[in-house]
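> Spelled out, the chains give:
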Amino acid sequence: MTERRRPRRSLTRKSAGALADWSVPRQLRGAPDKTKAAESAMSRGLRPRLEQADKVGTSICPYCAVGCAQLIYAKDGKPIHVEGDPRSPINQGTLCPKGAATFGLMLSPQRLDHCLHRAPGAGEWRRVTLDWAMDRIAHLAKRTRDEGYVARLPDGTRLNHTLSIGSLGGATLDNEENYLIKKLFSGGLGMVFLENQARV
Amino acid sequence: MPSLGATYGRGAATLPQWDLANSDCVLVMGSNMAENHPIAFRFVLQAKQRGATVIHADPRFTRTSALADIHAPLRAGSDIAFLGGLIHHVLEHDLWFRDYALPYTNLSTIVDEEYQGPEELDGLFSGWSEESKRYSPQSWQYQGVMMPSSLAEAFIETEGFCEAVKRLHEGPTPKDPTLQHPRCVYQILKRHFARYTPEMVERATGCPREVFLKVAEALARNSGRERTGAICYAVGWTHHSTGVQMIRAAAILQALLGNVGRPGGGILALRGHTSIQGSTDIPTLYDMLPGYLPQPHALKPHQDLAQYLEAETNPTGWWHNFPKYAVSLLRAWYGGAGNKENGFGYDFLPRIVGDHSQLPMTVAMRDGIIKGLFVMGQNPVVGGSNSLLVQRGLAQLDWMVVRDFAETDTASFWRDGHLVRSGELRPEEIGTEVFLMPASLSGEKAGSFTNTHRLLQWHDKVVDGPGDSRSEHWFTYHLGRRLKSLYADSTREEDQAIRALTWDYPVDEEGEPDAEAVLQEINGYTWPERKLVQDFKELKEDGSTACGCWIYSGVFPEEGRNLARARKPDGPDGPGTHLGWGFAWPDNRRTLNNRASADPEGRPWSERKRLVWWDEDKGEWQSPDKVDFIPTKRPDYEPDWEKKPAGMDAISGHQPFIMIPDGVAGLFVPSGLKDGPLPAHFEPVESPVSNPLYRQDANPAAKRWEHADNPIHATGDPRFPHMLTTYRLTEQHSGGTPTRLVPTTAELMPEGFCEIPTELAASLGIRSTDWVVLSTARGEIETRALVTDRLQPFRLDGRLIFQLGLPWHYGWAGYATGDIANVLTAVVGDPNTAMHENKALTCALRPGRLPRGKGES
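These protein sequences, in sequence, are chains C and A.
Residue numbering for the first sequence follows this note's numbering, starting at 1 and increasing by one per position.
Residue numbering for the second sequence follows this note's numbering, starting at 201 and increasing by one per position.
Keep in mind that the hints are not guaranteed to be accurate.
Said to hold, decoys possible - With a Cα cut of at most 25 Å, we get these calculated DSS-like pairs of lysine-lysine:
(1) K366/A x K524/A
(2) K524/A x K500/A
(3) K768/A x K55/C
(4) K661/A x K75/C
(5) K55/C x K661/A
(6) K661/A x K78/C
(7) K843/A x K826/A
(8) K524/A x K540/A
(9) K740/A x K366/A
(10) K333/A x K768/A
(11) K737/A x K524/A
(12) K737/A x K826/A
(13) K661/A x K768/A
(14) K684/A x K142/C
(15) K390/A x K524/A
As the list claims (entries may be wrong) - Have a look at the derived ranges for each label pair, beta carbon to beta carbon:
(16) P48/C x E947/A: 22 to 28 Å
(17) R152/C x A717/A: 33 to 39 Å
(18) D815/A x D113/C: 58 to 64 Å
Just so you know, the hints here were simulated from the structure itself, not pulled from any lab data.
C-beta: ideal position from N, C-alpha, C; glycine also.
Please put together the full structure from these sequences, using the hints given.
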């Protein structure tokens, strides 16, 4: 929750106002705690930050495989809130401590926003452009694949494979991403050292 | 999951998570569900509120135990002894569900006379070769019939096998419905589990006999016509050298009790990553093609498409459709470049030659065979067994591409890793060229995940990831585009595959390929017209359809209808199958084998457990679920064996396990498993004690990789007297990247620790928060002590055995740090899956810290 308008007042009026506005005496006098008795001038001014969102999308929690549905709220292209989707028959709006941290994951200060390259033997990263990295990786992948490629065994049995490149990962990725990875790496390049977290 | 695949026909959870609320008894074992799958555990608690008995069997007393009615403590790695005891109890006291198990399992099937089990051979099954350390499953076959498996990568290398399985066309498998035949599966099971008595359970597992009997009675009491029970497991079972057989034991138990395919019954595999089921179905795995088709193998009869189809097509059961799925996949990958001469492009596919999974990959990196590595959303330095071996392997690479949202431990191994800290290597001596590329998260790209119960759910793109962050769609698509242009002018035979690969996905203005277009290819369409198919029943073997993963077919049945994006749950009045929420494979069926929820005549076993029934007037099966059967196949249908029926024509109207060639659940598994047709208790590869059941200590077929960097402790090695089990925490996730590098979760669980039993801690003078050192022959780590009563020691054969518990999420990256548990673990694994054994190994413990390394200031 974020506050919106907080009226400016002088210090004395502010403290007198605050006293009158204090909800505890009201509640002690017996006003039920689920009514407006808990309200104050400040809380009356509070608005759900979701109201500021200019976009909302459905999402699925990126942590474990239970598959909790989430709603991601964004404003000006930045996420402002992530919560459980109340419609989901799996999580019915709830999230666990990890799922509830999805917003923090998206906005983690540790997030990287550019590509880094560490040359052989170097002691530190060097910033590179995405295009440069992609070209260099394609070049290395081709060279390593071609050097390690075995078309056939000596008896003529087809192998069509390279043992010199491996790939790890997939269980955190989309089905469509896994499909493209398997298709390109296995069906295109002939890689067989292709694995994900299913065994770990 | 070959265990569930071999037993029930599909290697996946049999029921949706929400159906646990309909259970009368839930056994959680090999899982700390309350802490690691808390949202799913709500359904267990809902069942409990409705009167169900909840049982937790686990070495540790956790929050799952605290919420259970019964906690059965057992020694890490002794699960088969416990489950075998339950099977023994159910058989011995005739508590199994006869009306269900007799027709729906292979209990009455007669096994080959050559078969011998661990009773006769003291821990081995017949067919063992000491020389090759492998089993031949020839003697595990049925009398006079060879049984093909429903699993990929399960072909039996026996001369004449493909011919022999064709006898399945000629008549039913040999049976004795009276169960008197000494070699029928029922009698074999009785003999096999005879020694798994409550006394033996107590001796082998450490679980008190009375507690064990309470569990057995609760399970038996809550099954039958009116009641059902469910079993939930996670990596507490799979991460053993006997992991597959642990799940097999549970699968046998559930089939005997009549708990499969029915509301509130079944086995729920609780998987750990958001789309780990999806990445198994569409496997970024070495041994399968999408939809559980075997990856061609150079040493099997897979030389050309005709041979591959001949060898891998089951004569009977649903898998008889195999050629349609294989050819449609080839059409999706190679389009018009596929033709009759090259087997629709089959000739382009790479062949495997053995085990290329992560454990041998680790060794292959260390030995310089692998020179380049892609790492996409995985953190092998923390998650891979024997982390020092992993790090030495990374240091041998020419290049590595890490794609993640931040700098992972794997990405920075050359600067912060153990080798550098210990002084074994200096960064300038590490020749690996490393790329670290920012990756988009789920709200920053569109696509689908498949959850633990086979449910495909779409997520939208809501915002852009920061800066150069890109999805793996983007990365893979543009890498492929670049590679295709580098190979464009090649005329070499070996470059045909990459040149032929279809790669024409529409992209948006930022170059992001359209994920829905990829999902449409996965769903399948007619070729070359590209009209979407409704489901996999439309797929053809003549090349006129293309389909990227047949089990997902139906997820996108027409333009504009992406069912993974469907968001229409059932209301409070039911029926509660939620067919309008997401899309479950196959064909949106929520409970697998649900034909078994009706009796052989097609009537529900009881009103209370009603799910599927035969409607004689309509001539069709009815259900609030999609029926996992031929919708119009009458319950009294019998194959006409005169006509040599094939495929589903050979499956009767009362055989619910349609993926298994004889239509019934395989309690005894003739082929498909590499360590035996039945589960037997073996000690972990590293155990402080000998096997109390057989002379054979560990699983003889377990995978062990002999390597100087991977020494393995002998049974009872006095240098490593304690048992060690690794586990996960609610606030941390797997290799730790998405939680240790996020402030909110990092501060909830800020530092690594080791749980140490009170008595052991007292004897070593260790108090909570003290530094301790754990060591194995692979390496040593230091961490903080947490002295606890949650891990009770066990007295076994007069010796007190202590168990230590170690969360494995930690590493040096991020805000929440700690030493890496996997420095201690070994590269050993299950023979079927090559899954490592990190839930039970041996170690030593001492108070204090590690000496500072040469590389540390």
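> Would you mind marking each hint as holding or not holding in the structure?
So, going through the hints one by one against the coordinates:
no., hint, verdict
1, K366/A x K524/A, "holds (19 Å)"
2, K524/A x K500/A, "holds (21 Å)"
3, K768/A x K55/C, "holds (21 Å)"
4, K661/A x K75/C, "holds (14 Å)"
5, K55/C x K661/A, "holds (11 Å)"
6, K661/A x K78/C, "holds (12 Å)"
7, K843/A x K826/A, "violated (30 Å)"
8, K524/A x K540/A, "holds (15 Å)"
9, K740/A x K366/A, "holds (22 Å)"
10, K333/A x K768/A, "violated (53 Å)"
11, K737/A x K524/A, "holds (9 Å)"
12, K737/A x K826/A, "holds (15 Å)"
13, K661/A x K768/A, "holds (20 Å)"
14, K684/A x K142/C, "holds (10 Å)"
15, K390/A x K524/A, "violated (41 Å)"
16, P48/C x E947/A: 22 to 28 Å, "holds (25 Å)"
17, R152/C x A717/A: 33 to 39 Å, "holds (35 Å)"
18, D815/A x D113/C: 58 to 64 Å, "holds (59 Å)"
Consistency with the previously given hints fails for numbers 7, 10 and 15, ordered from lowest to highest.
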